Amino acid sequence: MATFSIIYFVLLIAGTATAAYLKNTAALLLLFTLLMVSFLAALLGGTNVLVGFTIAAGLLAAAAAVSYSFREALIVILPPNGAKLMRTAPLTASFGLLVVLIYIIAAIFAPVIAPFGESEVVAGAFALPDDQLLLGGDQLGRDLFSRLIYGARNTVGVAIVTTSLAFLLGTVAGLVAATMGGWVDQLLGRVVDVLLAIPQLIFALLLLTIFGAGIIELTVVIAVLYSPLVFRLTRAVAGNIVVMDYIEAARLRGESTWYLVSREVLPNITAPLSAEFGLRFCFVFLAISALSFLGLGIQPPTADWGSMVRETASLISFGLVTPLIPAGAIALLTVAVNFVVDWMLQLSSGLKE
Amino acid sequence: MAREKSVLLEIKDLRIEGYSDEEWIEIVHGIDLTLHRGEVMGLIGESGAGKSTIGLAAMGFTRDGCRISDGSVNFDGIELTNASRSERRALRGSRIAYVAQSAAASFNPAHRLFDQHTESARIHKTENWREGKEDAIELYRKLRLPNPDEIGFRYPHQVSGGQLQRAMTAMAMSCRPDLIIFDEPTTALDVTTQIEVLAAIRDIVEEFNTAALYITHDLAVVAQMADRIKVLLKGDEIEEAETRKMLSDPQEEYTKSLWAVRSFTRPEKPRPPEGTTPLVSVKGVSASYGPVKVLDDVSFDIHRGRTVAVVGESGSGKSTAARVITGLLPPTDGHVEFDGEPLPRSYTDRTKDQLRQAQMIYQMADTALNPKKSIGEIIGRPAQFYSGLKGTALKKRVDELLDEIELEPSLYYHRLPSELSGGQKQRIGIARALAAEPSFIICDEVTSALDQLVAEGILRLLDKLQKELGLAYMFITHDLATVKSIADEVVVMKEGKVVEAGGKTEMFTPPHHEYTDLLLSSVPEMDPDWLDDLLKERGLENVGEAASKQI
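Order-wise, the sequence lines are chains H and X. Quick note: the first sequence uses the working numbering, first residue 1, plus one each step. Quick note: the second sequence uses the working numbering, first residue 1001, plus one each step.
If we strip away everything but chain X, and leave its shape as in the complex, we get (with noise of 0.2 angstroms):
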């Protein structure tokens, strides 16, 4: 790498408050990190390290109630601590860009992509608006968009989500800056998807000899972007080391435990004997939200104490299947069975215990768990609503539903959901279900918004509760790691039809299904050469949604 390798970015000492109940608490004890042009760094940790306070304050900015209390952050002999507020406007967009998680969130919806991405360049008068146009084609190119000279005039809603990525980093590449902050910009993309936009984010970055602060959780992402890692936890920094050397051979009992957290594994259970009566049934069930089909023909079944992995990327249908379960959304044609009886196709029609029978557990817990009720009230409701529990039989039965899931009952009961982590509103989330008694659970990927540490403890509980209860499980994810993990059988879904399915064994050794192929071989690993092999092995055209599309 012949980089020119002068210092651009100096943090030393670097302290960040917050406030919370009227008092300054010290969030960011201290970081040091020093940053060469044309370098670029992982910052990597579980939420609540400081990571994205961190990137925010290379550029000198904190979040509304944060505040840089003491050290120094210097961008190319500027000390952005006390610049003024206008030398750090001079200095945003043009010389430190940033790439947010959510690129559709990041984007006004109101304005096409080329007025967007012209935007920074025209405020800092280095282009006019065709300069900038012509000059977003060109990055679009070499981004690899689709149909480059066209794509600027779309509005955001009406690109894919791994493309508006794409287009945000072309955004922040608009003025060439000299550092780029990317803060996890792929963790809300598919593994297909995110393959492109890596490529893609690397290739500029090093085209245009750009530093980079990558943040994310996700260490094999990590291991493909940067040069050097930083390990954060809570503040502080553990350790920093070159990637292969970090990767090889972390020095801190913390960083080790990082690397080694995909280490829950679980033998795929014994088939039952042919001839059972399946739980739940799913038969040639098709279903649209209007005139757009989005299941066709899908049949599957899911039998007791087993868990039915169901994969595939966004949009193949999978959440469908388990709002057609639950008669969220009643199917055109085909039907459900529980248990040998077929359901009612709507919700409205089954009966208390047909409903609950069948329970679910979402994806995001913050919506999941009403903000303006205790835990005691969103635990104790379904045991109340059921089973008629009352006073003191209610409070028992509750507190029996928090040992459950490893929470202290006295600490939890009146909490309410604000005041609890991620991980342990997802957990709220799967006593809820429980208290409904049911004997099937419908988990919609209940750990993609999780830390890899806290998602492990979800799927652990999870199984556990599986081997005491019996419960079957039918497990919505796109993550084919939590698969290999969990699942006993895996149903593999492209486009609303199910393209391959199995036990898991038989699922993950080749030969595959093209697409099931496509799906494994995405998946990133620890290694820091592996985009690099199999980018090789594939070819460009050959990754991703592209690839998707030829299947």
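Chain H with its partners taken away, still in its complex shape (with noise of 0.2 angstroms):
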């Protein structure tokens, strides 16, 4: 273990003698930090957090290889317009579309990707992974692996379906208040308040516990607690486009007011709107996993990621790493989506950087 510290940290010094004499002051900050941290590392933890460093690096510069060479692959694949599109997005916004993609496959080929059914049980409690069991069983002896997979769909899927619900709630309500002003304005925006006057996770527990705990329950209630939030946002983009000049000519012409909202105004917010939509389908699916972790949200023996890490969460306490697999497959997914809504908030503000 020796030798590997010794190469550690000639690399690491060679690296950062490198970028000073080649004066790329943003490498030499990075590396200098990391040879400081190192030897702080290396003198209170030995050689393990080196080679823990080295692993993070590894990984980091593996998926940024694999977002490189999927953004080129896209350049290559896409349309024309794609295509211009995709040069210029960023390495994360790459790394986004994918990881996004790979959780669209699982969830729809589950069946085909998984071993194992979804509740079948297949080995003992709590069996240590094998090639078999790729990444052990669970309380009941149940494939991990396959769960997981399954679990892209019923989690994903769900929340798919729940931020659409809430985004077709908010936004035709959103709309008909700025287009149409006066009392509708005021009505629908005081309706909005008392929504947002009372915290929601507590709110959907208290509703969920009056309509019962299924999947059309769940979805209904956290769409309509989560549309105000849309509403809000549509409104106030909304409010600045119906000020404008064409807007007033059609509103001479005498068009409706259903015409105004989707053939005028909507075309011209789309843009911040699916920003949204991006952010607001990571927030409704950590509230499903929330849920499902209190009990509350998709019952067993559907598998889900939230209820899955509460299943197994007693397991952290033998050092065992099977309750953060769930976990990061949920912390990765809300990651990807928004690297992908910071990609789309650039694109339609015109922001740099």
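Don't take each hint at face value.
EDC-like, lysine to aspartate or glutamate: derived pairs with alpha carbons at most 16 angstroms apart [to be verified]: (1) X:K1005 / X:D1076; (2) X:K1352 / H:E255; (3) X:K1283 / X:D1339; (4) X:K1373 / H:D245; (5) H:K84 / X:E1023; (6) X:K1372 / H:D245; (7) X:K1283 / X:D1296.
By construction, these hints were calculated from the structure, which means they are not laboratory data. Just so it is clear, the structure is predicted and the values come from calculations on it, not from any experiment.
Assembly of the complex is requested from the two constituent chains, each provided in isolation within its own frame, with the hints serving as guidance.
Listed below in structure tokens is the structure:
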């Protein structure tokens, strides 16, 4: 292990010196900080920490390389318009797109990919990983890997439907409020104020205890609770559009409110709305996981990442990473979606950096 | 002129590239420019000529997506193209200052004028707040701002546009720079206000022996301000000469065409016989925004096939009159008649046919066209909505309309508004109005956002359409040259009241009403001595806002 430390530091110092020689300030700062931190870590934690650093750096590099290849591949495959868009996309966006794509594939082809059924008991409780059970078994002896794949379908699917419903409600109400103004605007605004005044999770728990915890109830309750935020955003951005002269021209033409909303205003606010969709999707997703963790979300035996964390939570005290795997799946998707959202926001606002 | 004649700014073979569609395109093709201390150089040209880009490059700055690709910008011995960020920063504000077109958009609405005025002096550590404030009062006095001791305590929205523009000039002066770049400082102002700003800028530049680059598209303005004029076209220099020489003896064809731009005139049409029912008749209309009364007993008639120009300063109620006619703002008193029939007060109560008859063309074509819709959809919608045209019939109608406004249908049908130039957008606005087959069109400052050559094209088009289709126009404008060329009748408005009304020939021959006289005499002329003569004749206190208040 001593050799590892020596090679590690030689390479790092050489890198730092090269960066300094080439006057690459950003690289120099990064490498120098890493060097200092490594010294400290090696003194305190020994070689293992350095191995950890190397693995983390390797993973980061691998992710960057994969994202880069994915972006270049997309540029080749896509039609000219899409290729042009991808050429200016940052690596983070391509990473996000790739992860989202993998999740979608996993969700759609879950029965094909998963080696075992969703609620099939195939081994003993908390079986250790082997060639058959890639990630080991859960508390009932079901294959954790298969459940993870099915979970993509259930958790992500429900989250998408819920977010879409929330957007349908919020956008339509927001557009109507902005376009009609007057008492309609006031009424909708006050209703939304009431909804916003109650803490969401508590309200969701309350409503789910009243209506029961089925998938449909869950979807509707969360959609209604999240629509006020969409309403607010839509009303604000649509408010900037309805004062434009072309809206006035359409009004003077005698167009109906529905035409104004759907044909004149909506096309101009799709960019901020789709960015918001990405963000809101993450929150809805986390809310569903949180509810499942509390036992009011998606019900067993359906595989769901939130409840999987809860069911295997006790294993963490034995030093096993099992509960962290579904949690990691949630975190990865959230990060990926946010990368894509950042990119879309940047595209729509024309922001630099 | 006993001015120091050493070179202050020397630009050599400046090339600037802009990034679009994934490649760098050269937008300024090798400009040379020499500016001596205390000299004012006018840069003129149409939009897209690269005037502003060159003006910014003189500070070593380019907009996002632009870069200086070649050439040198030498400011008093400092090469700006390869100066470091901090070196350039040290120059800006202290030795080179910039005055933008829209002072209202350039001031921070959250801070008082004094705070903004003293900021650059404080950053450059030349003055503390107290000294800066005293200096500001001094400059405000020199720029003839009303109440100079107090005005700095106001926020930008509490002073008028012309005053704000002068406050911005004062701010640029705060460090006594060697060079000021004026980027169209009076373009957004009324003629009456413009004079005050021009006179103030000229005096202060002369007093501190400051060199200036004066960027504008208005030749008459530059004639008053500049010692030398440089004419630009699409990033190339056309010619440069002393102001007087340039005005009296331009060498290049393009310059001559710029000089001759106000050639379009049309005689007044014969008046319709007495007793003809006017197409639109505004009868004793009063209107208000909340408690503020903006129209006070306004009456005028517009006859079929004739153009009525409504003129006045901003805030005189011209546009409000249009809003009352279209029904966007229901009047508090009086009513509007269309072809002898009274129109419902609000547009929501009018029939489809009543709405169809009166169309509107807007000042800012950018906000008047939906950026997400293609030209075909924008023009096609009224035809579809009113006449129920569909499929090929609709396409044919749109093609006809595009022909009418002199744009090639096959080229423009699928384009988005962002892919058109300012003049073309305005033509699309006209086509959209025509698509409804109206008998009356309100033109709200349709040419004021356009270059002179382009504006003339629009005026000619409107005139042609009027002849072909017998349209009546209500032409809202503050530009009297436009009135001269296109109007049959003129209505002069001030503070919500009609001051004077009559035929064009009658209005442009003295004697005028005092206010009309003020408006007419405030229009800059091509003569370099015009401003001096006017100030001599009227006195400093009797131009612009001050004079307007006295009436």
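Checklist entry - Does the alpha-carbon distance linking K1373 of chain X and D245 of chain H stay inside the 16 angstroms limit? => result holds, 14 angstroms
Checklist entry - Are the Cα atoms of K1005 of chain X and D1076 of chain X separated by 16 angstroms or less? => result Within the cut-off at roughly 13 angstroms; holds.
Checklist entry - Quick one, are K1283 of chain X and D1339 of chain X close enough, alpha carbons at most 16 angstroms? => result holds, 13 angstroms
Checklist entry - Is the hinted pair K1372 of chain X and D245 of chain H satisfied, with a Cα-Cα distance of at most 16 angstroms? => result Roughly 14 angstroms separates the two Cα atoms, so the pair holds.
Item to check | Agreement of K84 of chain H and E1023 of chain X with the hint, judged by alpha carbon distance not exceeding 16 angstroms | outcome: Measuring from Cα to Cα gives roughly 12 angstroms; hence the hint holds.
Item to check | K1283 of chain X paired with D1296 of chain X [C-alpha distance capped at 16 angstroms] | outcome: Since the Cα atoms of K1283 of chain X and D1296 of chain X sit roughly 11 angstroms apart, the hinted pair holds (cutoff 16 angstroms).
Checklist entry - K1352 of chain X and E255 of chain H: Cα distance at most 16 angstroms? => result holds, 10 angstroms
The earlier numbered hints are all upheld by this structure, with none contradicted.
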